[in-house]
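A.B. asks: Going down the list, the protein sequences come from chains B and Y.
Just so it is clear: in the first sequence, position 58 is 58 by our numbering, and no numbers are missing.
Just so it is clear: in the second sequence, position 38 is 38 by our numbering, and no numbers are missing.
These aren't lab readings, by the way, just hints derived from the structure by calculation.
Every clue listed holds true.
Covered stretches of chain Y, as calculated for chain B (at least 3 residues, CB under 8 Å): (1) 37 to 49; (2) 101 to 110.
Below, a list of computed lysine-lysine pairs in the DSS-like style, where the Cα atoms sit at most 25 Å apart: (3) 97/Y <-> 57/B; (4) 97/Y <-> 70/B; (5) 57/B <-> 70/B; (6) 71/B <-> 97/Y.
Label pairs and their in silico Cβ distance ranges: (7) 54/B <-> 67/Y: 36 to 44 Å; (8) 14/B <-> 16/Y: 42 to 50 Å; (9) 73/B <-> 38/Y: 22 to 30 Å; (10) 69/B <-> 14/Y: 48 to 56 Å; (11) 86/B <-> 28/Y: 34 to 42 Å; (12) 38/Y <-> 99/B: 20 to 28 Å; (13) 81/B <-> 56/Y: 39 to 47 Å; (14) 75/B <-> 42/Y: 16 to 24 Å; (15) 12/B <-> 38/Y: 22 to 30 Å; (16) 80/Y <-> 102/B: 21 to 29 Å; (17) 22/B <-> 40/Y: 15 to 23 Å; (18) 30/Y <-> 75/B: 24 to 32 Å; (19) 67/Y <-> 69/B: 41 to 49 Å; (20) 60/Y <-> 12/B: 41 to 49 Å.
Note that CB positions come from ideal geometry on N, CA and C, so glycine has one too.
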Amino acid sequence: DGGITQSPKYLFRKEGQNVTLSCEQNLNHDAMYWYRQDPGQGLRLIYYSQIVNDFQKGDIAEGYSVSREKKESFPLTVTSAQKNPTAFYLCASSISFGAAYGYTFGSGTRLTVV
Amino acid sequence: GIQVEQSPPDLILQEGANSTLRCNFSDSVNNLQWFHQNPWGQLINLFYIPSGTKQNGRLSATTVATERYSLLYISSSQTTDSGVYFCAVVNTGTASKLTFGTGTRLQVTL
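Just chain B, same shape as in the assembly (with noise of 0.2 Å):
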């Protein structure tokens, strides 16, 4: 079945360590986003790319870092530089970037500070 992973589904991270969430996805889809929702929160934007090799920065970048190397995969680092990371992060994708149908998203990661 084509669809987005994620993994892991529950991550710790301690105080000033790097982690990775990673975004895996089967649709052929050329646009890939990645969003943090806290809780009784609607979704804002953090990083987005439209092709392999691109991304731009969405509305929260700062303390996150991405790459595209591959049209499947969209890892998103939070860094240390990230002041509050304890969040519900979601990977989405669509055909095209502002596709008007057909954005599938993930299942989600919940990142816990410790």
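Given the structure of chain B, go ahead and fit chain Y onto it with the hints provided.
C.D. replies: Just chain Y now, kept in the frame of chain B:
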């Protein structure tokens, strides 16, 4: 940037009841989508509806773009409808990024 407000923030229904969720947005849009997030966090796209009316089973949606609002109707609600419903828009003339509202949390009880 564009503001997206959803109401009500919380809603509790008995199974079988109908409900209307509202999404107001502050500027013109060329893309509006409704999503359902289940209690385990999974988001599913329900409708792409920048204008007009669409129906899919017990769900239907209407967007009146000139008045900057959209409505999601749920009829004969079931416990599986529980979760959070999000409206997301793309502001006309901007880079095509979806801006999400804060959602309506729906709980359907037996």
